[in-house]
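Peer 1: Based on these hints, arrange chains B and C on the given structure of chain A.
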Amino acid sequence: MWPNKFEYARAGSVDEALAMISDDGKFLAGGHSLLPVMKLRLDAPAHLVDINRIESLSGISANGDLTIGATTTHAEIAGSAAVQSMCAALASACGQVGDQAVRNFGTIGGNIAHADPASDPPTVLVACGATVNIQGAAGARSVGAEDFFVDLFETALDDGELITSVSLPNCSDCQCAYVKFPHPASRYAIVGVAVCLKMDGDTCTQADVAVGGATVKAVKCAGAEAALAGSALDDAALEAAAAAVKADIADWLAGDIAYPESYRQQMAGVFLKRAVRAAS
Amino acid sequence: MSTRIFGSGIKRREDPRLITGEARYTDDIKLPGVLHMAVVRSPYAHANIVSIDSAAAEAMDGVVAVFTGDDIDLAGMPTAWLIPDSDLKTPEHPALAKGKVRYVGDGVAIVLADDRYRAQDAADAVVVDYEELPAVIDPEAAAQAGAPLIHDDVEGNIAFRWAPFDKEASDAVFEAADVVVSERILQQRLLPTAMETRAAMAQYNAATQELTLWCTSQNPHIHRFIISAVTGLNENKVRVIAPEVGGGFGSKIPCYPDEALVSWAAMKLGVPVKWAETRSENYQVTIHGRDHVQHVQMAASSEGKILGVRATVYAGMGGYLSTAAPGIPTILHGLLYVGPYTIDSVYCESIGVMTNGAPTDAYRGAGRPEATFLLERMVDNVAREIGMDPAEVRRKNLIPAFEDGYDVAAGLTYDSGDYPAAFEKALNMAGYDDFRQAQAEALAAGRYLGIGVTAYTEMCGLGPSQVAGAVGFQGGLWESATVRVTPTGKVQALIGASPHGQGSETTLAQIIAEELGFPVEDIEVVHGDTTETPMGWGTYGSRTTPVTGAALAKASQKLKDKARALAAHLMEASVDDIEYADGSFSVKGSPDQAQSIQEVALMAHLAWNMPEGMDPGFEESQFYDPPNFVYPFGTHIAIVEVDAATGVIDLQRYIAVDDCGPQINPEIVAGQIHGGVVQGVAQALCEGAIYSDDGQLLTGTMQDYCMPKADMFPNFELGETVTPSPHHPIGVKGVGETGTIASTPTVYNAVLDALAPLGVEQIDMPLTSAKVWGAIQAARQ
Amino acid sequence: MQVSITVNGVERQADVDPRTLLVHFLRETLDLTGTKIGCDTSQCGACTVHLDGKVLKSCTLLAVQADGCEVGTIEGLAAGGEHHPMQSAFWENHGLQCGYCTPGMIMASAAFVRDNPGASEAEIRHYLEGNICRCTGYHNIVKAVKQVADAAAAP
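Protein chains in written order, with the numbering used here: chain A, 1 to 280; chain B, 1 to 781; chain C, 1 to 155.
Quick caveat, the hints were computed from the structure, so don't treat them as lab data.
For each residue, glycine too, the CB sits at the ideal point set by N, CA and C.
Do not take every clue at face value.
Each pair of labels, with its calculated beta carbon distance range [said to hold, decoys possible]: (1) A:64 x B:437: 24 to 32 Å; (2) C:120 x B:643: 18 to 26 Å; (3) C:123 x B:594: 51 to 59 Å; (4) A:261 x B:693: 12 to 20 Å; (5) C:81 x B:99: 58 to 66 Å; (6) B:70 x A:260: 37 to 45 Å; (7) B:442 x C:120: 24 to 32 Å; (8) A:202 x B:442: 30 to 38 Å; (9) C:150 x B:402: 41 to 49 Å; (10) B:715 x A:23: 50 to 58 Å; (11) C:81 x A:261: 56 to 64 Å; (12) C:150 x B:594: 40 to 48 Å; (13) A:203 x C:120: 34 to 42 Å.
This is chain A alone, in the form it adopts within the complex:
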C-alpha cells in the first residue's frame, strides 16, 4: 500500500517526455497497471514521467484505419462509436477491463506496455492485426501487435521508448468478437478469445483468432484460423478449431493455483466456439 520513493515529473510533450526519461524510470499514464505493482512494492522505478496530459497522445481518429492514442482510456474506447463500428471486439474487450473505475482511468498504452497476459485488449489487438506505434530518442517505429508482445510482462519496447498510439485496420466488414471467461477473484481473463471473421455469405473466407489469459502473452492461433477459414462455421468446423486452438497455445500456457494451465487450455477451446458464435 506504500509505493517506494521516486522522483516525479510531468511532461508536456512527447519530446519532453523522451528527454526526461532515464533507464531507471518509467512512463506513467493512467497508472492503473503500474501503481498496483508499485503499491505492493513489486516494482520500484526511481523516476516517473507522467505522460497523461500530453494532448497528442490522447484520442481516437478514424481515417481509414483506426488510430487510438496511447493515453486514451478503456472507457473512452469502449464507448467510442468509431471503435464500436470499426472494431467491435476491441470496444467489447476494453469494456471488460477491470471495473468501471479502472476503465475510467486506465489507458490502452499503459495496458499494453504492462503486457499482463490476462488483460483483455492485447488479445484483440493481436487477433485484429493492430500495430503499436512507438517513439524513442532514435525516432519512431511501428511494431505489429503479435511481435510487440514477447512474453509474460515483456514487450518489444526498448528502454526509453514510449508507445504513442495503436492502429487497427478497419474491421467494419468483419464479424468480430471478444469473449472472456473472467477469473472470479481478479476478473482478469482465465481465458479470453478474440475472433475476427471475414464472411462471404455463409462461408468464412478468413479467420483471425487470438487467445489470452490462458497464455503468457496474447497468442495468434494459426491452426484454429485454418480450421475456420473456408468453412461454414458449422459444428464440425468449430470442433476442429477448438481442437486446433489448444495446440496453437500449447507452448505458451499460463495458469495459477486455482485455474491451472491444463484447464485454461481446455477452456480456450470452449470459448473459441463461443467467440465464433458470438461473432457470427
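Peer 2: Below, chains B and C alone, put in the same frame as chain A:
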C-alpha cells in the same frame, strides 16, 4: 400501542454517520505526534532467526526506533479457551518471534517512524538472516510421525485431543447398521476479510500510568484484561476503545500481538503509536477460519433412519494457539453432531494440530458450520446410498416440535424448535416436487440442474457462564447493561457488548422502547469504551441480542416497576390500580389522571416526593447470565445449474426459512441472513486460502482470494417461522450466524445433485469451475 | 511537490511527496476519512471517489496526478445538508451494516445511476463487481441502487 416498535423494520440508528462518511473507525482517529508502526514479518513459514540487523533501518529519515523480540518485555499472548480432558498444550506465543518463526507473517521486528511510507521503507531495510526449516501446512500431515516439529513442547504437533463421547457405544451402532457412508471432507481455510482491516493506536500517560488503546475489537473488555495481563498494567489503568468497527466475523475477537506491540511501544517511547494493517498483511496474519480435515461416517437403516454419526477431525491451529482456538473445533463443533435430527449416537475425536499456517480461530459460525456441513453432506450420501430422495430422508429424521427443552445425544438441551414446520415451508417456497420434474426435463435436454436442502439448528447466544467454566472458557458469558434515563427523559443504554455492524444500536433501542415506551429516537445505545460501559464479554456467537437484549429487557422492566410505583405515589393511587400503555401510567377508572414515563423520570431525578423507601434517580443495571444457549433453526434450499462444458455454477435461487424467535427488527434479521448466506455460499463456491507446500500464502490478495461479488447471486427468498425461546425474557434467539451455518452444505449439495447424473460424488471445496470440470472429466473416464 | 486539488468544491493546496496516493492525501493530509481503504490491489472499491465526475479508486492514483482536478468524496455528496438520494436509499433499504464499504458503494452507485438511469438489477449487480461488501450479501445494496435508478428513469 397502535404500531408496535418491537417487530418493526425501522431504519437503523447507526446509519446517518455511516452514509455520510462521518463515522470514525480506528484508523480515522488522529493524535498529534503519533508514530506509525510497521511490522517486519517473516517471509518463511518455518525458520530459525539467525540474526537481525536493524542499523540501516534505524538510520533512515523519520525512523525513531526499531525493536526486535529480544527488546520486548511483554508476557506471551494468552490462549483463553483451555478445553478440559484433552491434554491441551499451550505453547509460548511471544508478541515478536524469539529465535524462530512459525508462519509467513510472524512478526520479527517493529519499526516506529513519523510517517507510514517511511515506516514501511525502514521495515524493508531491516535485514533478517533466516535458516529455513521444513514446513507443514496440512493438519493431517502435521499430525503424522516425522512431520516437522513446530513447538518443542508440543509433541507430535498435537495441541489437544478431544473425544468426550462413548466410542464403544458408537462403534456398536456402526457395526449393527444396515448402511454406513463415509467421506473425507476438507473444510478449507477461509480468510474472514472484514472490510476494515485491523488497526490499533495506543497512548500512554506515564504520570498516571494510564494506557488508552483504540482498536478494532469485538470485545474491548476482553482486550482490556489481556492487554493488562501482557503489559503488567493494572486493569483499571487500561482503557480500551473499540470505535466504529468495520465488521469482524470473529477475526476481531482475538487479542493479537500487534495490539500488544503498539501498547508496549507507546509506553516505551512516551508518544502515541498507531498501526493499521494492509489487506495483504491481514490475509497473512489475521486469524483464518475452518481448516479441518474430517473423516466422517454416518450409520443408517435401509429405511433411512439415521442411527449415528462419527468423525475424526484434524483441526489446523496454525503456528500458535489463538485466543479462543481450542474451543472452536471441539465444544462449538462436536456437540453439534445431532443437528435437527433424532440421532441417538454421536462420536467426535477432534485433534488440534499445530501447522505452519496463520493461527486459526473463530470465524462466523465457528465450529458449527463445520458440523452442519458434515451432517448434511452425510445425509445426502445416505439418501444416495439407499435410493431415497434426500428431502425425504430429512423429513423422516427431524425432531418433532417441542416447546421447552429437548435433550439430545450430544449432551445439549435444545430450547425450542419446530423443525418440520420450517422444513415444509421452505420446500413449499421452493416448489420442491415441481423442481424435481423440471430437473428431469432439463437433464433430458442436456442441462444439469441441482437442488440442495439443509435442515439445521445451531447453538448460539453464548451461553451460561457455568457451562463456559465447565468447558474451559477463561471468562464468563453473561452480559451487563445499564439503562440510564436523564432528567429530561432521554435514554442512554450502556452495554458491555461491542457490536460492529449488526445494527444493535437499533435493535436494542427497540427493546427498551418496547418495554418502557420511550420513543426509539430518544434512546442512545453506548458501547465500545471500557471506561464508559459496564463489563461485558463481547459481541460474537450471535449473543448480543439474546444476552445483552435480555439484560436490557430486565433492566427496563425494573425501571418500569419503579416508574409504576412512583406514578402510583404521585397520583395517590394504589400500585395495583396503575395501568400502563404506550409510555403512560394511569389510574384504573380515571383515564384523565396520567403520568408519562418522562414525567415520572423527571420526578425520580428531582426526588421531591418519593414513596417511603424508594431511592432517587432513574437508572437500572442488570447482569444477565442466560440459563441455556438459544437454538435458532431453519431450512435452506438452493437451486443451481452447472455448465458441464466449463464447470461454472450458476446459483439460480436461494430460499431461506429461519426461525430466530420473535423478530425485533425484521429488516435487520433479513440483513444478517443475506450476509451470512453469501459468506457460506462463498465457502462452497469460491473462497479458500491456499498455501504452497512450503507455507507461502498463494491467495495473499483479493486478486487471488475470491471474495463473493454482487453478480454471483440472485435475490434471496426469505421466509420465517416464529418459535420463542422458552427461557429468554422476550423469547429471542440469535441470527448472526445461521446463514453461514446453513448455506455452505445447501449449495454444495445442490451442485453435487446436479452432477449426480454424471457420476460425480465428491469434490473438495471451494467448487471452482476448474475443479468441477475436472471432476466431470474424471467421472466420464 | 505542490498540488492544488479542488475537493468537494474547495480548492486545497499542499506540498506532497510524489508517492502519496490520492486516498492518503484525502485521509491524512485533508483529514477526510470518510473515504476508506479495504485492500491494496484496487479490488474492493472502499476508496471510490469522483475525479472530474468519474468514479475512481483513489488508491490507484497519485495525488500529483490529480493536480488541478476536482475530487468529490462522500463528505461532499450531501448537498446543503440534504442526503443525496443514494444515501437516503441505502438508509431506507438497509443497504449497509458495518458501514465500511458504504462510502465507496454510495459514490460508485451515485455515478452509475447518474449515467445509467433505469438500470436493471442485472446491470447493477454487474456494475458492482468493483465494490466489495462483506456484510450485506449485496441484496439490500442492489435494492437501494435499483430504487434510485428507477426513480431517475421515472418521467
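Peer 1: Hints first: check each against the structure and report whether it holds.
Peer 2: How the hints compare with the structure:
The hinted window of 24 to 32 Å between residue 64 of chain A and residue 437 of chain B is violated, with their beta carbons roughly 59 Å apart. Taken as a hint, the range 18 to 26 Å holds for the pair residue 120 of chain C and residue 643 of chain B, whose Cβ atoms sit roughly 22 Å apart. Separation of residue 123 of chain C from residue 594 of chain B is about 56 Å and conforms to the stated range, judged on CB atoms against 51 to 59 Å. Remark: the range hint 12 to 20 Å for residue 261 of chain A to residue 693 of chain B is upheld by a beta-carbon distance near 19 Å.
At roughly 59 Å, the beta carbons of residue 81 of chain C and residue 99 of chain B sit within the given window of 58 to 66 Å. Between residue 70 of chain B and residue 260 of chain A the C-beta distance comes to about 44 Å, which sits within the given range of 37 to 45 Å. Distance hint check for residue 442 of chain B and residue 120 of chain C: the Cβ-Cβ separation is about 25 Å, which falls inside the suggested range of 24 to 32 Å. Distance hint for residue 202 of chain A and residue 442 of chain B: a CB-CB separation of about 31 Å, consistent with the stated range 30 to 38 Å.
Taken as a hint, the range 41 to 49 Å holds for the pair residue 150 of chain C and residue 402 of chain B, whose Cβ atoms sit roughly 46 Å apart. At roughly 55 Å, the beta-carbon separation of residue 715 of chain B and residue 23 of chain A lies within the given 50 to 58 Å, and the hint holds. At about 57 Å, the CB distance of residue 81 of chain C to residue 261 of chain A agrees with the hint of 56 to 64 Å. The hinted window of 40 to 48 Å between residue 150 of chain C and residue 594 of chain B holds, with their beta carbons roughly 46 Å apart.
Checked against the hint of 34 to 42 Å, the pair residue 203 of chain A and residue 120 of chain C passes, with Cβ atoms roughly 38 Å apart.
Figure legend: structure checked against the earlier numbered hints; the only hint not met is number 1.
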